[in-house]
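Undergrad: Sequence:
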Amino acid sequence: MSCRQLRRPDDGKPLPVSSSRCSSLMLPLNTEDCRNTMWTITLLYILGLTLCQASGQGASTQMYYVRLTIESSALPNITEKLGEKFVKETILQVDGLTMTTECQSDAGSRECYCRPNFRWTEKGCDLQEKCTFPKDRTPMCVHNDAVAINGFLRLEGTTYHDCLKPEDSAEYKACHKDMFIKMKKVYSTLPGFDTLSITRYRVGSVIVEFALTVAQKIGQKDLVDKSDQLTRNVNASLDLESSGVIKLTMPASPVCFSAKPLLSCTLQEPLDTLPVWQLSRDRRVTEIFNGTEALVSTEPKETTVQLLKISELWEGVYSCAYHQKKNELSISHQASALMDLALLPDILISTEPGFPKCDSPDAALSVKVICEIEKNTENYTVTWSHENLFNAVPSEETVKTFTADATVTCKKSGLPTVTCNFMNRCNETRSAKVNINIIYEDDKFCPAEGDWGNTKVGFTGRLKCKGATGHRTRACTKGDPEPFWEPEVSSCVNQDLNYVLKNAENSDIGLGSLDENAADVFSQLDQVTNNSQRINSYANLNASVQVLLSLSNKLNSINNDTTADDFFESSSNLLEESLKDSWTKKSGQENISLAERYLSSVEKLIDATNVTRLKKKKNIEVMATNCTKQNTKCYNKVFNVSVTLRSPDPGKVKTAGFKELEKYLPQKDKTLEPNSIVVSTTMENKTSSVEVEIRFPLLRKRPPHVLMKCVAWDNVTQDWSGDGCEWSGASDEGLCTCKHLSSFAILMQRYPLKIAGLDQVTQVGLVVSVVSLVICLIIEALVWSSVVKTNTLYLRHTAHINISLCLLVADSCFLASMDPESVSELWCRIFVVLKHFCFLSMFFWMLCLSGMLLHQAVFLFHNVSKKTYLRLSMFLGYVCPLLIVVITFLVYDGGIEGQYFSKESCWLLYEGLMKGSIHTFFIPVGIIVFVNILSMMVVIMKLLDHPKNAERTNESEKKAAVTVMRSVILLTPIFGVTWVFGFAVMLMDLTSGTIAITVNYLFTLLNAFQGLFILLTTCVMDKSTREALGKRLKKNASAPISSSTTKLQSTWKK
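Residue numbering for the sequence shown follows the numbering used here, beginning at 1 and increasing consecutively.
Errors might be hidden in some of the hints.
Unchecked claim - List of simulated lysine-lysine pairs, PhoX-like, C-alpha gap at most 20 Å: (1) K616 to K604; (2) K580 to K663; (3) K400 to K375; (4) K659 to K709; (5) K652 to K616; (6) K754 to K709; (7) K554 to K309.
Derived from the structure by calculation, the hints contain no laboratory data.
Make a model of the complete structure from these sequences and hints.
TA: What follows is the structure in structure tokens.
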């Protein structure tokens, strides 16, 4: 070929990049020189590296690739030869000349390899040292420090809108040329600049996509400065993605399961930014952080990731990246590579049937052994081994299931076992072993029932869940005479929920940040638990609580409002009333109950959550208050429970209320039951001095005399504890005061307080009263004709008899119903009606008696006819009480239990002041007792009334005092004045202490023995009755004596 002279521009300036390409230069050499130059061009095309740099200010660089075919003996001095003869022009210079690739040709192919410090760019050759190509192809290695850059230039304004026009238009060509020149003018000044190409223009204002290659190590400051200059030149923002700046070193493939692989990224020079590691797997890119299974470390020029535990989660494409930012420029330096893992599976082994049954000792049974694994990419080598078996032959193999047919004999010769062994590419193995539990001819077993096959006594059958994760189990228990099936126990967990649980457990392994992973888990848990029917089982609730427990042990803070909202919503969903039957495990005991784990985990998470406002959900409400040293009294209110905390500088105080949870927390003292929601309080600054006042609205009205107990949850005893808490008493029954922080509630006694000995005193008193009243009625019958001489005495004794008769019936019914548990509801209702009527009738007859005495004392000379008084007394004594009882019975729904009467006491119901059927008794009784006391006072005043001029002596004063005392003693029982203590008993609560107990004793003593007091005052202490009774007894006694004397005299005469 001919040799031509290199021409310079007329202005004599250095050649710009766009003016000429070194490949077109022909040097003015003689024939020999021309021949050497041709060799050089061929050589460099193969070797791939030389630099032609224009000298002077604003110099540009350009790479040229040439090929040279020579004898191998000429290689040692070829580089030196080429350096001397390549160019003579002074405005151009060769910066470096290096061989990159060597090839050896065969008949139809060429085998090539890269020189040291060079690498393949060909796909399929990047992991090989040598690579084979067709003879007509020219392979090329690039320097290890070569950099490829993809860029996205976002142009502002309308200057370059013509670049969006069709490519064959003149406007597009002009716009494209202008943009290319401006970009190349900047980037061609980079040392080692190789190629620049604009790949396309797209809309988004105008976005220019381009590719840039630099054939040697690139200075990052130079790249940043020149790229920043470009953004200013064209008024644009620029995103660059480079490969080659970072060198990613991966462990050899495949990575063994037992290994702890180390990945490293090395920089050409330090960058003032932190690296970002990512793993791309299943079309999802996840950032890698320090965690329980990954350690990330960073040095100025190197960053590493070490995996501490291998699982399928860590298989995929790894990339490390450094991101730089300057003004409108963003640069991302990346390197990526695939890590292939040799995994070992989790194996679930079982037999089919689970318990093969022998009908005779000589029989042989076929049993299918099944090994199941999770689907993954590893190609396992599966082998089987067995003991005490005739044989075990592999029969079927799928992606997830491997089976073998085993043959067992029915002769007892040891426990047959089968083992399946899985070996990966690293020759690592994992095995699973199963016993074949044979039901021999003389063995007892539970016969097949539904899905459950024959199961040997003392063993547990196991079935896979359908459409869920987990198993169902059912035990076969020895019985007498035959074994029996235990109830089925299900551990089936909703598949979506199981996925959430796995994500929670893996949230801190290092794949993704813990906070972002937790946010995803809470969001998923909210969606799964939003439908209570999907989780309406103990296993599902247990899995849900396990999610909360797992995150509570991992998270130190929750600062995202959306995450906090999802957490509170999902926690509230678990407390839905429709799930109440799912909170208790149907069989077996747990060390820590589900409700305890729920409370503990939710308390931890609330403590970690940055609560800035009231979080109110259906079953959970949380409120936080910032308290300072100046404001040592903090107030929160959740679900109408007000909490006041006093402490020096408590900081942020959080209070949470939980509906329904009180029903599920275990309680060892079965005499108590919860009567409030559970409220938890925490404070930021832990101090030793704290006082908490909690005012609870009670879930159920506290019955009279029922003790309440303020309690806090004790994690040590796993029970409610009253230590450090005090109940304010019946006067303020919802108020608790505690000296520590915890979860608080109010417990209520299931039964009212009982005063020691009071029932016995009542029983004895009633028996005495009944006997006394019978005696009293007998005495009235004996002395009636002797004592009742006047109308007044007739009316008085008539009242006495009716009072005694009514009290006798009432006391007898009271005795019969003293043990309400042994009395049926029907008889209890009958006794209540009889007691209600008879006690009222007794008091109305007392009213009649007091009215008569009052009339006699005030109107001395006015008499009421016996007939009129009897009619009035009969109406008051029986008709009025009957009307009251009938109306009360009808008003309270026909006297049903819980409204008209209480089955626990077989008496009228008291529900509070002016509430309950008891008031239909106490209101008329109260009026009557008041009138009777008034009447008694008038009678006493009349007895003490003396003429004004009468001379008072000590003797007369004593006589008057005796008269008053006698009148009080006589009239108090018969007027029912002792029932004044009954009003005190109704108003006073036994929880008040000693005074209430004393009043109860007084009321019981005075009224249980009322029959005795009536006997004493109406018969024994009444002179006329006593004398008449004495005469009657003497008369009855003298009659037999006279008869005997007469007979004796007659005998003597004979």
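Undergrad: Now tell me, hint by hint, if it's right for this structure.
TA: Verification of the supplied hints:
The suggested pairing of K616 with K604 holds, with an alpha-carbon distance near 18 Å, which does not exceed 20 Å. Taking the CA atoms of K580 and K663, the gap is near 8 Å; set against the 20 Å cutoff, the hint holds. For a cut-off of 20 Å, the pair hint linking K400 to K375 stands: about 5 Å separates their Cα positions. For a cut-off of 20 Å, the pair hint linking K659 to K709 stands: about 19 Å separates their Cα positions.
Between the alpha carbons of K652 and K616 the distance comes to roughly 18 Å, so the proposed pair stays at or under 20 Å and holds. A threshold of 20 Å between alpha carbons decides the hint, and for K754 with K709 the separation of about 16 Å falls inside it, so the pair holds. Proposed proximity of K554 and K309 is supported: the alpha carbons are some 18 Å apart, at most 20 Å.
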